[in-house]
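Residue numbers (this note's numbering), protein chains in the order written: chain A, 1 to 272; chain B, 273 to 556.
Think of the hints as simulated: they come from the structure by calculation, not from any bench.
Mixed in with the good hints there might be a few duds.
What the hints assert, rightly or not - Computed list of lysine to any residue pairs in SDA-like fashion (alpha-carbon distance at most 25 Å, straight line):
no.	chain 1	residue 1	chain 2	residue 2
1	B	Lys300	A	Val104
2	A	Lys184	B	Lys300
3	A	Lys184	B	Gly396
Being a predicted model, the structure only gives us computed values, none of them experimental.
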Amino acid sequence: MTVAAEARPGSDAGRPRRDLGSSLMRLVPPVLVFLAAIAIWELATAGTGRRVIPPPSAIVAAMGRESDLLTRSAIATFTEALGGLLIGSVAGIVIGFATARWAVARDILVPLAVGASTIPLIAIAPIIGNWFGVLNPLSKMMMAALLVFFPVVINVIRGLVEVQPAQLELMRSYASSPTEVLRKVRVPNMLPFLFTALKVAATLAFIGAIVAEYFGGTSAVIGRVVLTSMSSGRFDVAWAGIIIGALGALGAYLIVVIAERLIIPWSPSFRA
Amino acid sequence: MSSVPVTPPASDALAVRLAGVHKSFPVKGGSSTVALEDIGLDIGTGEFVSLIGPSGCGKSTLLRIVGDLIEPTAGTVEVNGKPAHQARIDRDYGMVFQAPVLFDWRTVEANVRLPLELMTGAAGADRDRRVREMLDLVGLADFTRHHPHQLSGGMQQRVAIARALVFEPALLLMDEPFGALDEMTRERLNGEVLKVWARTGTTVIFVTHSIPEAVFLSTRVVVMSPRPGRISEIIDIDLPQPRTEETRESERYFELVTQVREALRAQHGGGASAARARAEGGIG
Numbered sequence: 001m002t003v004a005a006e007a008r009p010g011s012d013a014g015r016p017r018r019d020l021g022s023s024l025m026r027l028v029p030p031v032l033v034f035l036a037a038i039a040i041w042e043l044a045t046a047g048t049g050r051r052v053i054p055p056p057s058a059i060v061a062a063m064g065r066e067s068d069l070l071t072r073s074a075i076a077t078f079t080e081a082l083g084g085l086l087i088g089s090v091a092g093i094v095i096g097f098a099t100a101r102w103a104v105a106r107d108i109l110v111p112l113a114v115g116a117s118t119i120p121l122i123a124i125a126p127i128i129g130n131w132f133g134v135l136n137p138l139s140k141m142m143m144a145a146l147l148v149f150f151p152v153v154i155n156v157i158r159g160l161v162e163v164q165p166a167q168l169e170l171m172r173s174y175a176s177s178p179t180e181v182l183r184k185v186r187v188p189n190m191l192p193f194l195f196t197a198l199k200v201a202a203t204l205a206f207i208g209a210i211v212a213e214y215f216g217g218t219s220a221v222i223g224r225v226v227l228t229s230m231s232s233g234r235f236d237v238a239w240a241g242i243i244i245g246a247l248g249a250l251g252a253y254l255i256v257v258i259a260e261r262l263i264i265p266w267s268p269s270f271r272a
Numbered sequence: 273m274s275s276v277p278v279t280p281p282a283s284d285a286l287a288v289r290l291a292g293v294h295k296s297f298p299v300k301g302g303s304s305t306v307a308l309e310d311i312g313l314d315i316g317t318g319e320f321v322s323l324i325g326p327s328g329c330g331k332s333t334l335l336r337i338v339g340d341l342i343e344p345t346a347g348t349v350e351v352n353g354k355p356a357h358q359a360r361i362d363r364d365y366g367m368v369f370q371a372p373v374l375f376d377w378r379t380v381e382a383n384v385r386l387p388l389e390l391m392t393g394a395a396g397a398d399r400d401r402r403v404r405e406m407l408d409l410v411g412l413a414d415f416t417r418h419h420p421h422q423l424s425g426g427m428q429q430r431v432a433i434a435r436a437l438v439f440e441p442a443l444l445l446m447d448e449p450f451g452a453l454d455e456m457t458r459e460r461l462n463g464e465v466l467k468v469w470a471r472t473g474t475t476v477i478f479v480t481h482s483i484p485e486a487v488f489l490s491t492r493v494v495v496m497s498p499r500p501g502r503i504s505e506i507i508d509i510d511l512p513q514p515r516t517e518e519t520r521e522s523e524r525y526f527e528l529v530t531q532v533r534e535a536l537r538a539q540h541g542g543g544a545s546a547a548r549a550r551a552e553g554g555i556g
């Protein structure tokens, strides 16, 4: 899990910002390619019955047929993933602030966090299931939270600490207190880093929740639906589950992107 | 502005008083590099003093010592008759850096307002009026809602100047503020700085490595030599006020430019090789 992506504030003064309209225009080509790929997929797999890769039309049909199970599963899995995203983000932000505040804690915890984030955290899933109870949705949330935690904490610390020295010198010339420096400089400086982390975290939360489901628990969850329908040869239902999981992750990602646009429209990451 | 003194006035009207200021920085291996040696300088209220010298002469270091952004190794620094530290706590000076140091997340208006937000006393309406006045003064009244990245380098630096002046500090410290700008923009901003200086009566200490800029702006030019940083000569600039574009073409202006250039060149005489030998430790 090397997910310590970071925002790199640039110094591209004077360049025009991309507005929303032109951003949407940029989405047109990839959407067209996506639709073309679906069409090719359909044509390549149509009419040959039940296979490992069913045609999209069969997957859509399976969604309709199994809508009750899939809806319940989607609600359960989305709850786990979003709960984990919330827990992991809040924990990452709180510990990030505490760590950035005390230099000693930073010197000790940052290398540990970076080190820990290289552990294949998925391997811990059975242990977490054991701790919180396999049947308890909290065990899935905690797996998701664990994946979310590391990119968030690392980026929050970087954003709070990696402030331009000249900005700190300016604040010093105003004889401003550490609290003022935190509020007026460090926190706003951190926000682009945080949103970069949250975009990664949004998809990681779904990975964490679904992987945790593979290790056991209640049956009406996306991970179990995929597993059980695969083992009974119902590949169309399995694919329906996979696509619903993907849509959930995409939705969470888009919510973060929209929130980023609204909360930090000034972010250097929006400059072309 | 014809009453601007070209020589330091009586000590009770001193804006800055430096006596016996030394600064050395530790370098690897336990030794230290002397950045400034025995600096003594009095700057009167309302003066415009430039510090000029080659890189490594400690002019930026000296400016930061006046602003209490770094501490001298020895010597006394008084600003407005009090220790530099107290002057910083009292927000007696505004600072303009070589880079504009604006905050991305603030509009032009909000960047200029920042020092007022940090200082208690100014009410909301009064605050907004002062911000507007300053933006007017630097010609950015139409750009209040822009963000810094939407402005050119010269405009960004004007925002920084407005921000430094918005709380009406008695002293303005400028560290090569136009060093990164093209010559045309620099000359125009020179004129604007003088206008601001005339309007506000602020004392200015201005670090530059441009001889024409120093002569055009200043009432006195302090020529510094490197390694260790020392004041090698102080030249009174007796050009009439207000300075205009004609000033730049006057005979006296060229004489003074030559005088400053020769003062800088004189440093490369006798002690040059010894100075170069000491320079290996480099103090930027």
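Going through the hints against the structure:
no. : hint                   : verdict
1   : Lys300(B) to Val104(A) : 24 Å, holds
2   : Lys184(A) to Lys300(B) : 35 Å, violated
3   : Lys184(A) to Gly396(B) : 18 Å, holds
Of the hints listed earlier, the one the structure fails to meet is number 2.
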